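Trainee: Here are the chains, one letter per residue:
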Amino acid sequence: MSAASAALPARRIVDALADAAERWRDADFPARVRATRGLVARTGYTEPVVDFALDRLFESLTREALAVTIAGELGSVEALDGFVARTGRPDVFYRGVARAAIVSSDTTIGVALPALAFALCAKARVAVKERDDGLVAAFAATLAEERPELGQRIETGTWPAESAELRARLARADTVVAFGRDATLADVRAVLAPNARFVPFGHRTSAGYVTREALADESLVRAAARGAARDALLYDGDGCLSLHALFVERGGALDVAAFARAVAAACDEAAIEFPAGYAELDAATAAYRRRALFRAAQGEGFVHAGAVAPHLLVLDPPRDEPPPLLRRTLALYAVDEPRDAAAFLRAHALPLEAVALAPGAAGTRDDVVRFASESGAARLCELGRLQAPPLAAEHGSAERILPFVRAIYRA
Amino acid sequence: MSDAAARALDDAFLAIVADWTRGGAGCDEARFDECARAAFAYQRERNAPYARFAAALGFDARRAPRTWREIPAVPAAAFKDATLATFDATRAELEFHTSGTTADRAGRHYVERAALYDAALLAGFDRFMLPDRPSLRFLNLVPNPRLRPHSSLGYMMGHVAVLRGDGKAAYFLDDDAVDASAFARALGAACAEARPVCVAGTAFAFVALLDALEAAGTRFAAPPGSRVMETGGFKGRSRVVERAELYARLEAALGIAQEAIVAEYGMTELVSQYYDAPASRTAATRVKVAPPWLRTLVVDDAGCEVPDGSEGYLRHVDLGNRSSVVAVQTEDRGYRSGDGIVLLGRAADAPARGCSLDAEDLAASRA
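Protein sequences appear in the order of chains A and B.
Numbering-wise, the numbering used here puts 273 at position 273 of the first sequence, and it's gapless, one number per residue.
Heads up, the numbering used here is the position in the second sequence plus 411, with the first residue counted as 1.
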């Protein structure tokens with residue numbers, strides 16, 4: 001850590017990050033325009049989808065959100081600069097670790113940036129293995145324009161997984177945040193120093209639950225259907241926040257099949273707002289569709305494939321099989337109560353990141369909230385909000401800045 | 412349609428088999444087309460789930476397929492979801508279950524008349540596996556049909572071992588292991604008797620056998636005329652060995668030349684099988700050929716035929732499937748090559764299934 005950057009108060013770092021993010025909120029900001037092209041090329045997502053991702057990302061990186069998150073976890077932002085008093089507890093100084101490393105995911109956009117922001121607030125030097133879209137490097141360049149000393153603390157690269165360059169950076173890091181498959185995470189963990197902190201984010205998925213109360217009238221139905229469609233189709237169904245299984249209660253004013261048709265219609269609309277990155281169903285999804293068509297012909301469920309866009313919605317697929325974790329594919333399961341959904345999730349040991357509930361009070365009956373809380377998910381939200389997690393909340397049950405600091409108390 | 416219709420279809424099928432077995436062509440395009448469409452018409456009346464599926468695709472009493480190529484193909488996975496039989500399945504003379512993990516339902520293929528299955532099986536086996544001699548000793552790394560009566564692979568090898576074996580057939584795939592020691596003793600005895608063998612097994616079982624033989628430093632020089640029938644592939648399982656490597660190891664360990672190693676390609680959902688074409692067994696790319704009553708279309712994701720040589724999904728039309736579904740859509744990929752197909756394996760991300768699961772499940776349970 002250079003003396004200059006170490007001397008920079010945390011609030012100034014927050015200011016610089018927020019100011020850099022502010023510039024990236026402009027869709028015409030040249031660096032963003034270039035990064036968008038790179039992201040479209042790397043991910044295969046369409047430009048509206050990439051734009052949505054960048055908007056959500058940089059809209060969340062505000063001065064207030066950063067400060068509130070740090071204060072929420074450490075008590076105050078100033079605790080990053082020196083000892084601060086605490087009521088009833090010894091004074092504390094949250095000293096940042098010397099070095100942090102972040103390994104980006106291949107299916108998400110900018111997932112490394114929040115971690116980078118908090119590592120910088122902790123005044124760590126940060127190495128980021130990024131993807132070849134150059135997003136992190138481009139944001140670091142903007143940040144360096146705001147505060148050159150911050151730019152000097154960031155190193156980015158696309159080092160191959162087995163490379164000595166990456167392994168060396170991981171080996172000397174005090175804290176490592178990594179996104180990826182279980183095998184990738186195991187490889188990363190294997191090269192870390194014994195006392196390094198490791199914050200892994202493995203592959204997970206998300207589910208939803210619609211109560212019968214949320215099917216009481218047309219506006220509620222429309223809101224839930226739109227939300228489900230958006231959550232299922234954004235990012236082509238990739239990533240841990242994509243909706244793949246939606247439980248819908250029987251006994252509502254609208255029956256489950258009718259709700260499925262409403263979701264199907266909403267998917268067709270969402271596919272216009274967020275076009276798919278590919279023209280036809282991929283092979284696995286096409287095969288799944290064929291089987292679903294066969295089942296539907298037997299009177300078991302309902303299947304809808306986008307007429308002009310590749311997406312698939314299946315009502316009541318076999319319960320003894322896990323939900324189809326396929327791209328742009330959503331399975332709806334009719335249930336009588338949350339216990340049915342819980343049993344299904346338990347039977348298939350689905351690792352959940354989030355559970356989305358129908359918007360408003362109609363979606364949040366006590367037993368449903370209890371089910372969602374006990375599902376293993378790290379987050380509850382409204383349908384339609386899955387893909388826009390707030391910065392100020394924990395990520396995957398992990399704190400944002402605590403992994404990058406060590407507490408020193410004075411007593 | 413009456414039982415007479417079933418008998419007529421079966422007689423037509425058996426006539427094709429007999430013709431081919433005697434060295435005839437079996438059936439040309441017109442005969443195949445007529446038989447396939449007749450089978451479909453029969454199944455549409457007798458097999459309600461198939462009829463419903465066909466109707467959903469626009470084929471009903473008012474609209475029939477114009478050619479065999481248009482016959483609606485049921486996805487292979489549908490055998491898990493419905494009883495696809497033209498008869499009361501409790502009367503099935505044969506009942507085969509697809510392999511699957513414990514969390515997965517098995518598909519069931521009911522065969523009304525074993526005679527059809529047996530005729531197709533023997534004709535194909537004789538032509539492609541046993542053209543040069545009347546019998547062999549069968550050393551089977553497949554499920555023992557007495558213990559696993561619903562394994563189509565077990566039934567197949569059990570049947571040919573009885574009819575084309577020397578009375579000393581044995582099985583080395585138990586419920587919990589590949590019994591490499593017993594296999595070694597059996598092959599050693601065959602060598603001592605100069606009795607040529609047919610070693611039949613799944614690719615995964617062969618790997619387990621080879622691992623054990625190599626660890627023990629055991630090698631054989633199988634008697635001349637010996638051969639291997641490999642089937643099942645790996646189908647997305649955890650341990651995959653390249654086919655060239657597998658065959659090289661088999662040749663080294665068993666003393667059976669690679670051109671005497673024949674890959675069979677079959678499915679629980681089909682009565683008939685493909686085998687490596689004899690002419691391609693020394694080539695870098697093996698082409699699989701089938702008896703004339705089994706034809707295959709190569710289609711794209713949307714189900715449309717692709718040009719010859721282009722990769723796609725295999726859709727089989729098997730006249731032997733008279734009592735179930737004549738057209739089956741698989742997730743196996745391949746392309747046409749001359750009169751045969753080149754099999755590329757299972758589509759990525761398709762649920763892994765297939766005969767090799769038997770052996771891998773065993774390997775997993777040993778771990």
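Be aware that a few hints might be false.
Far from chain B, some chain A residues (derived; all Cβ distances over 10 Å) [as the list claims (entries may be wrong)]:
| hint | residue |
| --- | --- |
| 1 | R89 |
| 2 | L281 |
| 3 | Y409 |
Some but not every residue of chain B turned toward chain A, in silico, with C-beta under 10 Å [unchecked claim]:
| hint | residue |
| --- | --- |
| 4 | A416 |
| 5 | A417 |
| 6 | R418 |
| 7 | F464 |
| 8 | V485 |
| 9 | D492 |
| 10 | E506 |
| 11 | H561 |
| 12 | D712 |
| 13 | A713 |
| 14 | V717 |
| 15 | D719 |
| 16 | S721 |
Covered by chain B, according to a simulated footprint, are these stretches of chain A (three or more residues, beta-carbon under 8 Å) [unchecked claim]:
| hint | region |
| --- | --- |
| 17 | 270 to 276 |
| 18 | 296 to 304 |
Source of the hints: derived by calculation from the structure; they are not laboratory data.
Just so we're clear, the structure is a prediction, and the values are computed from it rather than from any experiment.
For glycine and all other residues, C-beta sits at the position ideal for the given N, C-alpha and C.
Trainee: Would you mind marking each hint as holding or not holding in the structure?
Mentor: Status of the hints after comparison with the structure:
1. R89: Given a closest Cβ separation of 49 Å, the condition holds.
2. L281: violated (6 Å)
3. Y409: Given that every Cβ of chain B is farther than 10 Å from that of Y409/A, nearest at about 48 Å, it holds.
4. A416: violated (24 Å)
5. A417: violated (23 Å)
6. R418: violated (29 Å)
7. F464: holds (4 Å)
8. V485: holds (6 Å)
9. D492: Status holds, d = 5 Å.
10. E506: violated (20 Å)
11. H561: For H561/B, the interface hint is violated, since the closest Cβ of chain A sits about 19 Å away, which is over 10 Å.
12. D712: With Cβ-Cβ at 4 Å, under 10 Å, it holds.
13. A713: holds (7 Å)
14. V717: violated (13 Å)
15. D719: violated (20 Å)
16. S721: violated (14 Å)
17. 270 to 276: violated (count 0)
18. 296 to 304: Held - the region 296 to 304 of chain A has 5 residues with a Cβ nearer than 8 Å to chain B, which meets the minimum of three.
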